[in-house]
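Chemist: Below are the chains, spelled out letter by letter.
Protein chains: 2
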Amino acid sequence: MDIVTFVGQSIGRWRSQRTAHHLTFRHSEEVQSTIDIEEVEPDHPDVLKLCETYGVAIADISTPFRMTWEGESDWDEDEDEQQTLSGSTVLIPVPDKENPRKGKLLRDQGYAETIAAAGEYHFTDDDTFVLVTSYDRAAAEEKIWFVNPNLRFRVSMIKTSSGTGVLTASFSSETRAQVS
Amino acid sequence: MDIVTFVGQSIGRWRSQRTAHHLTFRHSEEVQSTIDIEEVEPDHPDVLKLCETYGVAIADISTPFRMTWEGESDWDEDEDEQQTLSGSTVLIPVPDKENPRKGKLLRDQGYAETIAAAGEYHFTDDDTFVLVTSYDRAAAEEKIWFVNPNLRFRVSMIKTSSGTGVLTASFSSETRAQVS
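Chains as they are written, first to last, in the numbering used here: chain A, 88 to 267; chain B, 88 to 267.
It should be emphasised that the hints constitute simulated quantities derived from the structure, not laboratory data. A hint or two may mislead.
Note: identical chains are not told apart, hence a pair may lie in one copy or across any two.
[Claimed, not checked] List of simulated lysine-lysine pairs, BS3-like, C-alpha gap at most 27 Å:
1. Lys-230 - Lys-191
2. Lys-184 - Lys-246
3. Lys-230 - Lys-189
4. Lys-246 - Lys-230
5. Lys-246 - Lys-136
6. Lys-246 - Lys-191
Produce the entire structure from the sequences given, and follow the hints as far as they go.
Modeler: Put into structure tokens, the structure is as follows:
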């Protein structure tokens, strides 16, 4: 598995059912959302800008894509919170030159943050995509794998920078709604 | 990672928060349970009996253990259903003689079945334990990995034997309650 194949398999519209486990409070939250993943041209202004931000050469990137999500939570009825459930981000893989099974992933905003963030990805020997993104005081780890071409699972967690405390874990089952 | 280390890390009492996603109906179910995992002596009558059932020599097994669970679901208030949430099973690893990262796992009953079932396990390069158990008309796949010594994640799914249809997926976050 390499990033080009993985992004290729991901293109399309997905119905996502996500459950977050808040480990400290033993509380869980359900979010239903629609996720659209589409390719973006390497010379798109958003791509050029993000590459410039990180000082990455366009020649080194691979299959940039855009992820757009719109969801509904069962948890917080507050309208301001609800709005954080929709968004869009451009992601740019920068594969390692020596090992195609790993690299960096640039994005213009993360799920949890509103600032740009770059993560490190690699594929395991069973083709699970693993992404680790470090923030100031926390790190996010995400594992995504395909069960079949129309179903993928995603397990995410946020942990403190020291790595010992895990605050939130979430599981998403994503089924393909439509090939775009 | 090998099965002896993995079982060793698993010994103890765990609080499990499990969410099942019923993919067809987009329905989810929460189960809170306590799971006890304890070593069993290789010459325990339950171990001897299960080895005999499968025609496995005692010399070929490794670290047999017992898993006992007791849980509460938010889904079905029917008392008979509730009773299926507690149970106990003996599990016996039979490591492959040439590759210690894989083997068979015997057990006297599965989660979903009341009959004995043997599964095939292996460890991925990021030390995720993967167990596949085939039944007559369905297969169960389970992935378990440790985030740290006191937290492990488990993703399970049941799929039809043809492998194309996935009916149920579940995610458990398990935190250590007490070292026994």
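Chemist: Take the hints in turn and mark each one as holding or not.
Modeler: So, going through the hints one by one against the coordinates:
no., hint, in the structure
1, Lys-230 - Lys-191, "both (15 Å within a copy, 26 Å between copies)"
2, Lys-184 - Lys-246, "neither (29 Å within a copy, 38 Å between copies)"
3, Lys-230 - Lys-189, "both (14 Å within a copy, 22 Å between copies)"
4, Lys-246 - Lys-230, "both (14 Å within a copy, 21 Å between copies)"
5, Lys-246 - Lys-136, "neither (30 Å within a copy, 44 Å between copies)"
6, Lys-246 - Lys-191, "within (20 Å within a copy, 34 Å between copies)"
Hint violations for this structure: numbers 2 and 5, all remaining hints satisfied.
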